[in-house]
Structure formats: structure tokens, C-alpha cells
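Put together the whole structure using the sequences plus the hints.
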Amino acid sequence: MKTKTFVANGILAALYIAVSFLIQPFGFTNIQFRLSEMFNHMVVFNKRYFFGIVAGVFLTNLFFSPMVGYDLVFGVGQSVISLIITILSAKFVQNIWARMAINTAVFTFSMCLIAWELNLAFHYPFFFTWLTTAIGEFTVMAVGAPIMYAINKRLHLEDLV
Amino acid sequence: MELIIGQYVPRSSVIHRLDPRAKLIGVFLYVIIVFLANNWPTYALLAVFTASGVALSNVPLRYIVRGLKPVLFLIVFTFVLNALFTHQGPALFKFGWLELTSAGFIQAVFISIRLLVLIVATTLLTLTTTPIDITDGLEQLLSPLKKLRFPVHEFALMMAIALRFIPTLVEETEKIMKAQTARGAEFSSGSLVKRAKAIVPLLVPLFVGAFKRAEELAMAMEARGYRGDVGRTKWRLLQWQTRDTVLLASIALLTAALVFLRG
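Order-wise, the sequence lines are chains S and C. Under the working numbering, think of the first position of the first sequence as 1, with each following residue one higher. Under the working numbering, think of the first position of the second sequence as 1, with each following residue one higher.
If you are wondering where the hints come from, they were derived from the structure by calculation, not from laboratory data. Virtual Cβ for every residue (Gly too), placed ideally from N, Cα, C. Any given hint might turn out to be false.
[Stated by the list, open to error] Within a straight-line C-alpha distance of at most 20 Å, the following computed EDC-like cross-link-like pairs (lysine to aspartate or glutamate) qualify:
| # | chain 1 | residue 1 | chain 2 | residue 2 |
| --- | --- | --- | --- | --- |
| 1 | S | 4 | C | 186 |
| 2 | S | 4 | C | 222 |
| 3 | S | 2 | S | 159 |
| 4 | S | 4 | S | 158 |
| 5 | S | 2 | C | 174 |
| 6 | S | 2 | S | 158 |
| 7 | C | 234 | C | 222 |
| 8 | S | 47 | C | 215 |
| 9 | S | 2 | C | 229 |
| 10 | S | 4 | C | 229 |
| 11 | C | 197 | C | 215 |
| 12 | C | 197 | C | 174 |
| 13 | C | 212 | S | 159 |
| 14 | S | 47 | S | 159 |
| 15 | S | 2 | C | 222 |
| 16 | C | 94 | S | 158 |
| 17 | S | 4 | C | 174 |
| 18 | S | 2 | C | 186 |
[What the hints assert, rightly or not] Here are some of the chain C residues that sit facing chain S, going by a computed Cβ distance under 8 Å:
| # | residue |
| --- | --- |
| 19 | 78 |
| 20 | 89 |
| 21 | 126 |
| 22 | 158 |
| 23 | 166 |
| 24 | 174 |
Here it is, written out as C-alpha cells:
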């Protein structure tokens with residue numbers, strides 16, 4: 001891995017954590033949304049952002065989650081699986097909007113892993129938990145798609161790593 | 001906003017002196033064996049074991065309580081959910097469709113204890129280990145993955161860079177947010193579309209600044225001869241001690257006791 005690539009990914013991970021904590025504009029009652037999840041769309045522009053996003057999720061769960069052990073397995077696992085599916089599907093889909101739609105669908109569906117985690121650990125009802133967590137993820141990813149598209153238009157994310 | 005990463009509390013205790021690898025393995029195993037508890041003796045044993053860890057760490061109780069505050073809602077929510085959705089045994093209370101049974105109440109208490117000991121145990125890890133020790137420990141533990149061509153060294157360094165830059169980026173984010181607010185931007189009111197639009201002028205300078213920093217840092221590292229982990233030496237070496245083995249042995253004993261006592 002090139003020095004610039006992993007350094008940029010390290011700083012992306014820091015940005016993921018900073019944005020997670022400081023910007024919470026879409027929090028409604030007891031359903032909270034992690035805004036930095038919109039960074040998941042960055043793999044649509046360049047697959048090299050994979051490690052930065054995973055490191056961001058990993059560190060956020062390691063230092064700030066009340067359920068470290070579970071979140072490191074299920075939370076990071078959900079991100080890794082979803083990102084890999086998006087990266088693989090990008091080989092067959094060229095349109096950026098279509099890639100972001102696939103990414104949104106994959107992340108929303110894979111929230112079943114988080115619902116499974118909460119069901120195993122704390123006996124939360126599986127389908128209800130899947131529904132509430134999926135609503136949060138879908139909202140952030142859907143709202144995040146045009147935002148990341150606008151950022152890419154100005155910064156050309158595909159060339160930065 | 002003060003963001004305390006890892007919330008490390010420096011103290012001189014046996015828990016602080018443990019090798020980060022032992023603590024990481026210990027917490028990972030503990031998170032799994034917690035599932036073995038299913039009756040009062042096993043949950044009591046877990047509570048005593050966790051309390052002993054807190055006592056040995058010399059970390060003032062207020063830090064533990066502070067760690068529990070943000071998740072108080074989660075604990076209450078978990079309690080209520082389990083109490084109301086477990087319909088076994090005689091009813092203790094009934095109001096419309098709401099029913100609290102004796103089995104539901106006990107289940108709710110058990111799950112709440114499980115959540116509590118989990119949070120305290122994992123909080124103890126971050127309270128007694130510096131973030132940099134944790135990343136060093138993780139690098140060592142993940143090193144077998146090198147055989148699968150996973151870039152372990154780069155991943156560990158990436159995490160170290162992230163930890164170094166979190167305070168800088170938090171400060172920068174706050175500065176940009178204040179500057180945009182002064183220009184009339186509203187991040188937490190208005191329609192969803194309005195709020196989404198307000199985020200773009202916040203994220204663009206953040207990304208520009210972050211990637212500029214990355215380029216400068218990468219250049220500085222290469223100018224100083226950085227060549228990955230080839231021939232790289234370390235200032236601080238992790239050394240496995242007897243106390244680390246004792247920790248893992250005590251978790252093995254705890255596991256055996258839980259298996260013996262569970263109903």
C-alpha cells in the first residue's frame with residue numbers, strides 16, 4: 001500500500017469519528033443516525049477508501065461504543081461485508097448514482113446483522129430492531145448520496161488517494 | 001465539545017500494568033462467556049468478578065459511573081423491553097395489553113446485569129490502557145493475518161494516525177461549524193433537505209483540509225525514509241508477564257465456574 005493511501009485513510013478514519021460526534025442533524029427522538037455513515041459512499045468513487053472507513057468504524061466502536069466486543073464483530077463485520085459487496089458490484093455498474101443506490105440498499109439490508117447482534121445480546125425483538133436500525137441507515141445513506149456526489153464534483157475523490 | 005478518546009485514567013495498578021494484548025484477549029473472552037450466565041449465582045459471580053477488576057484498577061468509581069451515564073437510556077430501554085415482551089409465569093401487573101410477569105421481570109434484571117457488566121468491563125479496558133497501547137496490542141494480535149497478505153502494519157499505523165488527528169479534526173470541524181453558523185447556516189433545524197444542504201459547505205472545507213494534511217504527512221514520512229514495516233524497530237516493546245497469564249487463567253477459571261453453576 002502506498003504511503004499516501006494509508007495516511008489519507010488514517011485521516012479519513014479520524015474524520016469519520018469527528019463527524020460522528022459533532023454533527024448530529026438527523027436525530028429524531030430515540031432513533032439516532034450516525035451521519036458519518038454517508039462516508040460509505042466513498043468506495044463508489046475509489047475502492048481504496050475501504051480501509052479508512054473500516055478503521056473509522058473500528059475505532060468508533062472500540063472507544064465509544066458501550067458494547068465494544070459485539071460491535072467490533074458485528075458492526076465492523078457489517079461494514080466490511082457491505083463495502084465488499086459494493087466494490088464487487090461496481091465492476092458491473094458504471095453509473096455513479098446506480099452504484100450509490102446499490103450501496104444504500106446493501107447497507108440498509110445488512111442492518112439485519114446489527115439487529116441479530118442486539119437480539120443475541122439483549123433479546124431485542126429481531127424484526128422491530130431491524131426495522132428501526134434500517135430506517136436510520138437508509139436515511140443517512142439516501143441523504144448522504146447527493147452530499148457525497150456534490151463533494152466529489154468539487155474535490156474529485158477518485159484522485160485523492 | 002470535549003472528546004476524551006479512550007478516556008485513559010493514569011494510575012499505578014496491576015490492571016494498568018497488564019499487557020494490552022492480555023487485556024484485549026481477556027475482554028474479548030469475557031464478552032463471550034457472559035452468555036453462559038443464566039441464573040442468580042452465575043450473574044452474581046459475573047458481578048463480583050467485574051467489581052474485583054474495578055477495585056484492582058484503582059480507577060475512581062466516578063469514572064465508571066461517568067461511562068455508564070450515556071448508556072443509562074439503553075439499560076432502561078433494554079429492561080423495559082425484556083420485562084414487557086417476556087410472557088411467562090404468573091402476572092405481577094396488568095394494564096390493558098401491558099403485562100409484567102415474574103419471569104419477564106427476572107429476565108429483564110438478568111439482561112440488565114449482563115449489559116451493565118459488559119459496559120463496565122469494556123470501559124475498564126479503555127480507562128486503563130492508552131489508545132496507542134491498544135493499537136500496538138492489536139497490531140501484534142493481528143500479525144498472523146500477514147500470512148493472508150492483510151496489511152497489518154499499515155492498518156495499525158492508520159489507526160495511530162487517526163487517533164493523533166481526531167482532536168485536530170474535531171477542533172477544525174467546530175471552527176467551520178461556528179463560521180458557517182455565523183453566516184446563517186442551520187445544522188439542527190429546518191427540513192431534511194435544508195439540513196442536508198447545510199452540510200455540504202461544512203464537509204467540503206473539512207475534506208480539503210484533511211486530504212491536504214494527509215499529503216503533507218505522507219511526504220514528510222517518505223522524506224524521513226519511511227519504507228513500511230521493512231526493518232522497522234520499536235521504541236516500546238510489549239512483554240508478556242506472569243500477571244498476563246494469571247489474567248487469562250482467572251478467566252478460564254471463571255468460565256469453568258459459570259459452566260458448573262449455570263442452571
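Quick rundown of the hints versus the structure:
no. : hint          : verdict
1   : S:4 - C:186   : violated (35 Å)
2   : S:4 - C:222   : holds (9 Å)
3   : S:2 - S:159   : holds (14 Å)
4   : S:4 - S:158   : holds (14 Å)
5   : S:2 - C:174   : violated (31 Å)
6   : S:2 - S:158   : holds (15 Å)
7   : C:234 - C:222 : holds (18 Å)
8   : S:47 - C:215  : holds (18 Å)
9   : S:2 - C:229   : holds (12 Å)
10  : S:4 - C:229   : holds (15 Å)
11  : C:197 - C:215 : violated (28 Å)
12  : C:197 - C:174 : holds (18 Å)
13  : C:212 - S:159 : holds (13 Å)
14  : S:47 - S:159  : holds (11 Å)
15  : S:2 - C:222   : holds (10 Å)
16  : C:94 - S:158  : violated (60 Å)
17  : S:4 - C:174   : violated (26 Å)
18  : S:2 - C:186   : violated (39 Å)
19  : 78            : holds (5 Å)
20  : 89            : violated (16 Å)
21  : 126           : holds (6 Å)
22  : 158           : holds (4 Å)
23  : 166           : holds (5 Å)
24  : 174           : holds (6 Å)
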